[in-house]
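Participant: Residue-level listing of the chains:
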Amino acid sequence: MVNYGGDEVSALVIDIGTSSVRAGYAGDDTPKAVIPTSYGYHRTAPDADSAMQDVTEDPMNNPGTPKIAKMHMGQYGPTVWREGMEVANPMVEGLVNDFGPVAALMRHAVVDVMRCNPSDHPILVTEPAWNTPANRERMAEIMFEEFQVPAFYIANTGVLNAFAAGKGSALVIDVGHTMASVTPVVDGFVLRKGLAYSPLPQYVHAHARHLLVNPTPHRRGIDLFPHQLIANKLPVDAGAPPRFALREDRVPKTTQSWRAWSEAREVDEWIQSVAGVLETGWNDQAAASRPPKQYEFPTGYISYFGPERYSVGEQFFLHAPQMMSSNSHLPKTMTALISESLRACDPELRQVIMGNVVLTGGGSLFAGFGDRLSAELSRNFPHVKIHSPGNPVERRYGGWLGGSVLGSLGTFHQLWISKEEWAEHGKAIVGQRCK
Amino acid sequence: MASGVAVNPDCLEQFSDLKLKKKYKYIVFTLNADNTEIVVGKTSTSTDYEDFIKELPETECRWAVYDLEFEKEGAGKRNKIVFYSWAPDDAKIKAKMVFASSKDALRRSLVGIHLEIQGTDFSEIAHEAVLDKAQRGH
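Going down the list, the sequences are from chains S and R.
For the record, in the first sequence the residue sitting at position 241 is 241 according to full-length UniProt numbering, with numbers rising by one throughout.
For the record, in the second sequence the residue sitting at position 10 is 10 according to full-length UniProt numbering, with numbers rising by one throughout.
It is possible that part of the hints are untrue.
In the DSBU-like style, the derived pairs of lysine-lysine whose C-alpha atoms are separated by at most 30 Å in a straight line are [to be verified]:
no., chain 1, residue 1, chain 2, residue 2
1, R, Lys21, R, Lys133
2, R, Lys94, S, Lys419
3, R, Lys19, R, Lys80
4, S, Lys385, R, Lys80
5, R, Lys80, R, Lys42
6, R, Lys92, S, Lys385
7, R, Lys133, R, Lys80
8, R, Lys94, S, Lys32
9, S, Lys385, R, Lys72
10, S, Lys385, R, Lys94
11, R, Lys72, R, Lys25
12, S, Lys385, R, Lys133
13, S, Lys435, R, Lys94
14, S, Lys435, S, Lys193
15, S, Lys32, S, Lys70
16, R, Lys25, R, Lys42
17, R, Lys133, R, Lys23
18, R, Lys92, S, Lys435
19, R, Lys133, S, Lys193
20, R, Lys22, R, Lys42
21, R, Lys21, R, Lys77
22, R, Lys25, R, Lys54
23, S, Lys32, R, Lys92
24, R, Lys54, R, Lys22
25, R, Lys94, R, Lys23
26, S, Lys193, S, Lys427
27, S, Lys385, R, Lys54
28, S, Lys385, S, Lys435
29, R, Lys133, R, Lys92
30, R, Lys77, R, Lys23
By construction, these hints were calculated from the structure, which means they are not laboratory data.
The structure displayed is predicted, hence computed values, not measured ones.
Full structure from sequences and hints, please.
Facilitator: Structure (structure tokens):
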């Protein structure tokens with residue numbers, strides 16, 4: 001075996017989430033490239049891409065996705081309005097569903113943003129705990145065959161997050177853009193039977209959207225036009241109807257998928273600045289006593305949001321009974337996910353991991369989330385201790401950071417799958433090596 | 001998943017001195033400077049638990065084994081060897097990552113551990129907390 005000395009291995013780490021793809025050098029404390037996972041595309045090449053600066057790619061030549069004529073990714077990707085541009089996201093429930101665009105996104109992050117040649121660097125990719133064997137093998141195939149990487153490793157985000165918090169055994173609660181998951185990690189391995197996840201954040205998002213677009217007795221339904229479609233607006237008082245003009249030149253040429261994507265962004269923005277959750281559980285009085293928050297939408301419409309902003313966060317923890325009865329397929333709440341996960345663990349282990357709860361993921365930055373979670377857990381368990389990185393960067397990029405440290409270790413490199421091993425053993429080695 | 005960090009044979013020798021010859025009360029393990037090997041940081045014969053706690057720095061990670069002695073009700077004196085993973089919240093993320101991913105290598109090579117403690121603050125490794133866990137065990 002080769003003896004790897006120092007820590008200079010110049011590996012790259014790629015962490016793919018539903019909202020963004022994070023890529024950077026192993027050993028760094030933040031990813032160099034963070035690009036949206038959603039991408040814009042044209043079905044057929046437009047005649048002229050007039051005033052738009054295109055910092056984008058070669059057309060996609062993947063036989064699996066022949067309809068795409070041109071992809072728009074990264075900083076000047078979906079955020080730039082283009083005539084007839086559709087927007088798509090290759091992830092479904094936190095897993096890669098469409099590898100064509102994912103390969104293009106990774107290439108964009110590594111080659112165009114980081115200016116690296118992937119064939120010069122070992123690459124470590126992360127995967128959620130519920131990733132399928134077929135998926136990780138496909139990822140390895142793309143890395144070795146398409147990117148020609150010298151070495152590859154795929155690591156579990158649950159384990160990486162536990163390790164990054166300094167724990168071999170932990171209960172990792174990861175709240176992402178679309179998925180919330182609870183993963184028991186024992187001595188550096190995921191306890192598969194205890195894994196629980198649901199598309200809860202997506203449901204919270206839908207709830208917030210419903211709240212905004214539907215009129216209430218004291219507020220009109222809110223238009224979620226993004227700034228790209230607004231020609232001009234005049235200042236109005238809070239609660240007054242907005243006075244704005246749409247860009248009539250753009251509106252008819254805007255695709256459904258772009259509208260949906262941009263409206264979702266407006267909702268996300270609103271959630272991040274206004275929504276919250278009560279720390280101790282729902283209580284009408286407590287919600288009413290909190291100061292309302294003002295928010296201005298791109299149309300110029302201004303409103304104050306009172307107790308309703310707390311009802312959004314409540315969806316993470318408790319489904320309203322009337323919703324439960326009308327819809328049996330609601331995603332499991334955080335509390336349900338946690339108890340489901342713990343049921344699968346034996347009592348002795350339960351005690352250990354409840355004392356070592358690691359809270360991570362961008363969605364966990366939701367205002368009041370950590371405090372509420374801790375209140376919910378201490379109600380049922382005596383010795384709960386939640387470790388959540390205070391630094392929001394560590395929270396959002398926890399999986400990436402863990403991969404970054406691991407990938408920078410000289411000693412870890414004996415575990416990478418090398419190009420030669422791939423050539424000799426093929427796909428089978430991925431499952432053997434990356435446990 | 002593991003980091004691939006190796007265990008220096010000295011760790012095992014010192015551990016067996018603690019276990020079989022009762023030569024030490026506790027051993028503190030750490031990583032060498034370039035994070036390639038687990039080495040012995042300190043051995044001690046002090047029976048004062050506070051001395052042991054002082055060996056665990058506030059912002060750095062360590063592992064340790066401690067030969068815990070306690071009275072079991074109606075069954076006399078007992079000794080249990082306790083393994084500590086010390087990773088305070090204020091440690092650097094890199095240190096936490098390397099220590100957590102290397103723990104298994106050390107833990108598996110030490111035979112005869114009765115109890116494992118994962119500590120992030122001093123309350124979790126306090127004498128009463130550890131004693132409580134040791135007594136509850138069989």
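Participant: Evaluate each hint against the coordinates.
Facilitator: Status of each hint after checking the structure:
Distance hint between lysine 21 (chain R) and lysine 133 (chain R) is fulfilled; the C-alpha atoms sit about 25 Å from each other, no more than 30 Å. A C-alpha spacing of about 27 Å is found between lysine 94 (chain R) and lysine 419 (chain S), which places the hinted pair at or below 30 Å, so the restraint holds. Proximity of lysine 19 (chain R) to lysine 80 (chain R) is assessed by CA-CA distance (about 10 Å); at most 30 Å being required, the pair is judged to hold. Only pairs whose Cα atoms come within 30 Å are accepted, and lysine 385 (chain S) paired with lysine 80 (chain R) is accepted, the gap being roughly 26 Å.
For the suggested pair lysine 80 (chain R) and lysine 42 (chain R), the alpha carbons sit about 20 Å apart, so the restraint of at most 30 Å is met. Among the hinted pairs, lysine 92 (chain R) with lysine 385 (chain S) is consistent with the structure: their alpha-carbon atoms are about 20 Å apart, no more than 30 Å. Between lysine 133 (chain R) and lysine 80 (chain R) the alpha-carbon distance is near 11 Å, which keeps this suggested pair within the 30 Å criterion. Our distance criterion of 30 Å between C-alpha atoms is met by lysine 94 (chain R) and lysine 32 (chain S), whose separation comes to about 18 Å.
Restraint check: the Cα-Cα separation between lysine 385 (chain S) and lysine 72 (chain R) comes to about 29 Å, which is no more than 30 Å; the hinted pair holds. For the given pair, lysine 385 (chain S) sits about 22 Å from lysine 94 (chain R) by alpha-carbon distance, which is consistent with the 30 Å threshold. Between the alpha carbons of lysine 72 (chain R) and lysine 25 (chain R) the distance comes to roughly 19 Å, so the proposed pair stays at or under 30 Å and holds. Between lysine 385 (chain S) and lysine 133 (chain R), the direct Cα distance comes to roughly 17 Å. Compliance with the 30 Å bound is thereby established for this hinted pair.
About 21 Å separates the Cα atoms of lysine 435 (chain S) and lysine 94 (chain R), which keeps this hinted pair within 30 Å; it holds. Our distance criterion of 30 Å between C-alpha atoms is met by lysine 435 (chain S) and lysine 193 (chain S), whose separation comes to about 15 Å. Restraint check for lysine 32 (chain S) and lysine 70 (chain S): the C-alpha separation of about 25 Å stays at or below 30 Å, so the hint holds. Of the supplied pair hints, the one linking lysine 25 (chain R) and lysine 42 (chain R) holds, its CA atoms being roughly 11 Å apart against a limit of 30 Å.
For the hint linking lysine 133 (chain R) to lysine 23 (chain R), the alpha-carbon distance of about 24 Å falls within 30 Å, and the restraint holds. With a CA separation close to 26 Å, the supplied pair lysine 92 (chain R) and lysine 435 (chain S) stays within the 30 Å bound. At most 30 Å may separate the alpha-carbon atoms for a hinted pair to count; lysine 133 (chain R) and lysine 193 (chain S) meet this at roughly 26 Å. With a CA separation close to 15 Å, the supplied pair lysine 22 (chain R) and lysine 42 (chain R) stays within the 30 Å bound.
Under the criterion of a C-alpha separation no larger than 30 Å, the hint pairing lysine 21 (chain R) with lysine 77 (chain R) is consistent with the structure, at around 18 Å. Note on lysine 25 (chain R) and lysine 54 (chain R): the hinted pairing holds, with a Cα-Cα distance of about 14 Å set against a maximum of 30 Å. Distance check on the hinted pair: lysine 32 (chain S) and lysine 92 (chain R) sit about 20 Å apart at the alpha-carbon level, within 30 Å; holds. Note on lysine 54 (chain R) and lysine 22 (chain R): the hinted pairing holds, with a Cα-Cα distance of about 21 Å set against a maximum of 30 Å.
A C-alpha spacing of about 34 Å is found between lysine 94 (chain R) and lysine 23 (chain R), which places the hinted pair above 30 Å, so the restraint is violated. Proximity of lysine 193 (chain S) to lysine 427 (chain S) is assessed by CA-CA distance (about 25 Å); at most 30 Å being required, the pair is judged to hold. Simply put, lysine 385 (chain S) and lysine 54 (chain R) have alpha-carbon atoms about 23 Å apart, close enough for the 30 Å limit, and the pair holds. For the given pair, lysine 385 (chain S) sits about 27 Å from lysine 435 (chain S) by alpha-carbon distance, which is consistent with the 30 Å threshold.
Between lysine 133 (chain R) and lysine 92 (chain R), the direct Cα distance comes to roughly 28 Å. Compliance with the 30 Å bound is thereby established for this hinted pair. Of the pairs offered as hints, the one joining lysine 77 (chain R) and lysine 23 (chain R) holds, with about 18 Å between alpha carbons and a cut-off of 30 Å not exceeded.
This entry does not satisfy hint 25, going by the numbered hints stated previously; all others are met.
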